[in-house]
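Trainee: Heads up: the sequence lines are chains A and B, in that order.
Sequential numbering of the first sequence, starting at 1, is according to the numbering used here.
Sequential numbering of the second sequence, starting at 1, is according to the numbering used here.
Among the hints, a few may not be true.
Straight-line distance between alpha carbons at most 27 Å, and here's what the computed DSS-like set of lysine-lysine pairs gives [said to hold, decoys possible]:
id, chain 1, residue 1, chain 2, residue 2
1, B, Lys464, B, Lys172
2, B, Lys464, A, Lys402
3, A, Lys402, B, Lys335
4, B, Lys243, A, Lys296
5, B, Lys86, A, Lys404
6, A, Lys223, A, Lys105
7, A, Lys404, B, Lys335
Pair ranges (Cβ atoms, derived) [stated by the list, open to error]:
id, chain 1, residue 1, chain 2, residue 2, range
8, B, Phe230, A, Ser308, 28 to 36 Å
9, A, Pro84, B, Trp359, 42 to 50 Å
10, B, Trp362, A, Gly331, 51 to 59 Å
11, B, Val447, A, Val375, 50 to 58 Å
12, B, Val447, A, Ser379, 41 to 49 Å
13, A, Ser379, B, Leu208, 32 to 40 Å
14, B, Arg204, A, Gly331, 54 to 62 Å
15, B, Pro321, A, Leu394, 51 to 59 Å
16, B, Ile229, A, Ser294, 36 to 44 Å
Simulated from the structure, these hints should not be mistaken for laboratory data.
Note that the Cβ used here is the ideal one computed from N, Cα and C, for glycine as well.
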Amino acid sequence: TMAAARLCAVLLPLCASVAAVRGLFRGGTGDYRRQVSMELNPGANGSVGLDLLHVRAVGPGDTLHWVLGSQGPPALLLVHTDSPNSSLTVDWPRLLSRNSSGSLKVEPQSSVRYASALLFRRIWEYDDTNDTADPTHAPPSSFLPPYELDQFSWDDLNRTLNRSSLSAQLCGRPSSSSSASADTFQNGSLCLEFSAFDSWGRSSAWPRLLHSANTSQLRVLIKGVAVRSNHSRLVLELAAVVPRDQPSRVDTLHSIDDEYSPTIFQVCQWVTLSPGSSSAALGFSQWKPVGYRSEKLLTEFATPARHSAPEPRPAPARPSLARAFFGEQLGEGYQVSGLNLTFGIAGEPFYNSTQYLSWTVLVGVGSPPWDSFSVLVLSIMAVALGTPALLLLLGGVCVCVKRKGRAPPQYEPIN
Amino acid sequence: MADGEERRGLLDEDESEPAIPSLPGSRHDPASRRPMSAITDPSTLLHRIVVLVFMCFLGFGSYFCYDNPAALQTQILQDMQLNTSKFMQLYAWYSWPNVILCFLGGFLIDRVFGIRLGTVIFSLFVCGGQVIFATGALLNMFWLMEFGRFVFGIGGESLAVAQNTYAVSWFKGKELNLVFGLQLSMARLGSTVNMNIMGWIYSRIQGLVGFPGYTTLGITLMIGSATCIFSLICALILGFLDKRAERILNKEQGKTGEVIKLTDVKDFSLSLWLIFIICVGYYVAVFPFIGLGQVFFIEKFNFSPGEARAINSIVYIISAPASPVLGFLVDRTGKNIIWMLFAVLSTLAAHMMLAFTFWNPWIAMSLLGVSYSLLACALWPMVAFVVPEHQLGTAYGFMQSIQNLGLALISIAAGSILDSSGYLFLEVFFCACVSLALIAVVMLYLVDFLRGGELNLSASARGKLQKISDAE
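Given only the sequences and the hints, what does the whole structure look like? Please build it.
Mentor: Here is the structure:
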């Protein structure tokens with residue numbers, strides 16, 4: 001045992017340093033992998049009129065359940081259990097009825113460690129004739145009737161489900177029964193691109209957020225909408241279901257690395273903190289305060305996204321995924337907290353110039369991943385600093401040797 | 001030794017007076033000159049100060065308009081709907097003609113046009129180029145703006161050569177360094193005024209005109225070209241005064257005295273090539289950075305546009321007083337390579353501070369300004385130590401030519417790096433360029449030391465060496 005202890009004492013720091021170096025390259029998310037499986041409408045018989053995507057990411061000692069649904073406002077539900085055998089059960093008749101609370105359950109219920117949901121409620125449109133991009137100070141008359149996302153009709157999720165890349169796309173437009181804003185969406189759509197991950201990585205579309213096995217990514221795409229005025233700008237209203245007694249806040253952190261999202265030096269994180277601790281997070285939503293006005297990866301299409309402070313909002317009234325899972329807890333143990341994301345800045349082109357707006361958010365458990373320098377940057381700096389240092393060292397040695405070897409001059413010049 | 005110094009002093013005094021052939025009875029006999037007031041007499045100091053004023057303002061317009069793109073970066077990007085790499089083409093097109101013109105400038109002034117006509121022609125190019133640039137903005141044609149910058153480039157650098165030639169012609173001798181220093185300070189003043197004023201002018205024009213952005217931009221650039229017209233007037237006045245002085249004092253037209261022989265390139269020593277590498281590696285990390293600096297400070301450090309422009313101009317503001325002071329320092333102490341080492345190391349430190357920290361960027365930019373001035377004072381005189389006098393013209397021409405080539409290429413590269421990979425990667429790229437210059441400095445020291453060379457002598461040692469070689 002003494003020999004074993006000594007071996008451990010030697011190996012542990014070595015492993016730790018190797019892990020640290022790997023962690024440095026992978027942003028501290030480690031080499032954690034999960035087994036991810038996707039199923040559409042679990043337990044349903046035939047077509048049920050709405051789509052529910054259930055993604056199960058199983059790790060060594062826990063499971064993450066992701067549920068993407070379009071009932072009510074489109075929502076992404078996250079349930080973290082500490083058992084690798086937990087499962088989602090759906091009471092379909094109850095889910096489709098008026099009172100759907102409790103129709104989504106994760107069994108065994110005692111294993112649920114953390115649950116939250118991210119809801120997309122409305123897209124506001126305001127007429128920015130003064131080009132200030134400041135909806136908080138815009139006159140109420142400039143606000144056009146918003147697009148209520150719980151009144152949208154959604155396309156079939158089965159067609160966009162891709163099990164090999166673990167992604168799905170939920171696209172919708174106002175249903176004919178919604179208010180007069182239906183005709184502006186003729187050829188356009190609001191799409192939510194969902195991606196689940198089994199290990200760490202980085203997507204190819206900007207802002208290329210670093211994701212890990214503990215996260216999934218949602219990309220909001222508002223494409224081809226014929227807005228109602230030439231000076232329209234859009235505001236996205238989000239809401240999150242957070243535990244009532246545990247504090248949650250939105251932090252804007254500075255990052256010196258903008259390699260993956262050029263000219264963006266900030267990261268926003270909406271974290272739910274664990275009770276009694278002000279730094280350890282239970283769960284988070286992370287995004288970069290930028291939206292993009294085109295698919296092309298060019299910095300001229302970046303548009304700043306500013307968020308408001310989260311405020312308590314009323315729970316969704318109609319049957320919704322949030323109510324289906326949280327049920328009566330929605331008014332008691334949990335509360336709905338919402339914020340507005342404003343896109344654009346004074347002087348920038350309006351939505352009409354490209355008719356394209358995208359924004360990406362990363363949802364997950366634990367602490368949010370933190371970006372680190374790419375291997376290329378680190379190696380360039382190593383070479384750029386190392387080579388001159390080496391040369392200086394060698395040169396210094398050379399000079400010293402030469403100086404010692406030089407015979408002192410015997411004669412001084414006369415003049 | 002004392003003899004040698006006195007002898008040299010006498011020679012200098014002889015050379016500083018304009019040559020006056022004293023043929024009796026000729027029209028140019030000094031005795032037959034009409035008495036003139038002090039200010040109109042070309043041989044008096046007062047008149048030469050008047051000429052100095054015009055000489056300094058000769059280059060003001062060119063330096064003012066050179067950095068117009070940097071001062072109006074956000075406006076140009078927005079109004080002409082560009083990405084950064086296309087924006088940097090505005091700087092690249094300025095540098096392209098100078099890759100070749102650096103060799104031809106002296107030849108054109110000495111043999112083809114003469115100093116007076118040459119200055120006026122180059123000023124016309126500067127003026128015309130800026131007007132074409134502004135017209136391109138007014139008509140929303142980016143290719144015309146690039147063409148305008150090309151024409152502007154043809155005139156810009158050659159005008160600097162003409163300005164130096166005028167200075168040597170009027171102020172040869174002990175006042176020359178002061179005049180060069182003053183001209184450089186005026187140039188930097190022009191850049192600084194440009195950085196801080198153009199944005200303000202743009203916002204005032206925007207208030208007056210309700211038109212789309214490119215019209216406002218065009219009007220602002222046209223206002224900027226007024227400085228070029230002012231410089232053109234100075235060129236005309238200088239030409240008149242110079243012709244008048246030639247008539248009165250029978251002074252010869254100034255010549256650059258440069259002899260460019262491209263075949264001399266094969267005789268350049270390793271030390272000279274290392275100096276070229278230092279020049280290219282260093283300046284490509286300064287000028288394109290200033291060109292792109294405004295948006296960097298706005299985005300990373302959350303500066304307002306006015307603050308960002310001010311901090312961008314701090315390099316020039318510092319260099320205006322620092323250049324003469326540091327030049328004096330380097331002249332007194334010698335050891336040019338050590339000063340260059342300090343300059344390059346502190347520039348590397350400045351770029352790393354800007355890249356990897358959020359420390360107040362005023363520190364890094366001030367450091368950059370001081371080290372930029374220090375390097376200029378230590379680097380350019382070194383060419384004269386390495387190269388024999390008859391090859392000096394070729395060496396300087398070649399150095400400026402590859403400097404412009406490097407600036408043209410790296411400006412475009414910097415723009416596209418920024419567009420695809422962001423500011424951190426751009427700063428890392430600049431760090432790599434400065435590190436290349438640093439490697440070249442270290443190697444220059446080693447090569448010079450191992451060959452027993454004389455580049456890094458202290459001023460007193462160099463003075464002794466000069467006396468010995470003069471006595472031989």
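Trainee: Run every hint past the structure and note whether it holds.
Mentor: To see whether the hints hold, each was checked on the structure:
no. : hint                              : verdict
1   : Lys464(B) - Lys172(B)             : 24 Å, holds
2   : Lys464(B) - Lys402(A)             : 24 Å, holds
3   : Lys402(A) - Lys335(B)             : 19 Å, holds
4   : Lys243(B) - Lys296(A)             : 60 Å, violated
5   : Lys86(B) - Lys404(A)              : 56 Å, violated
6   : Lys223(A) - Lys105(A)             : 34 Å, violated
7   : Lys404(A) - Lys335(B)             : 21 Å, holds
8   : Phe230(B) - Ser308(A): 28 to 36 Å : 51 Å, violated
9   : Pro84(A) - Trp359(B): 42 to 50 Å  : 47 Å, holds
10  : Trp362(B) - Gly331(A): 51 to 59 Å : 53 Å, holds
11  : Val447(B) - Val375(A): 50 to 58 Å : 34 Å, violated
12  : Val447(B) - Ser379(A): 41 to 49 Å : 28 Å, violated
13  : Ser379(A) - Leu208(B): 32 to 40 Å : 52 Å, violated
14  : Arg204(B) - Gly331(A): 54 to 62 Å : 57 Å, holds
15  : Pro321(B) - Leu394(A): 51 to 59 Å : 38 Å, violated
16  : Ile229(B) - Ser294(A): 36 to 44 Å : 41 Å, holds
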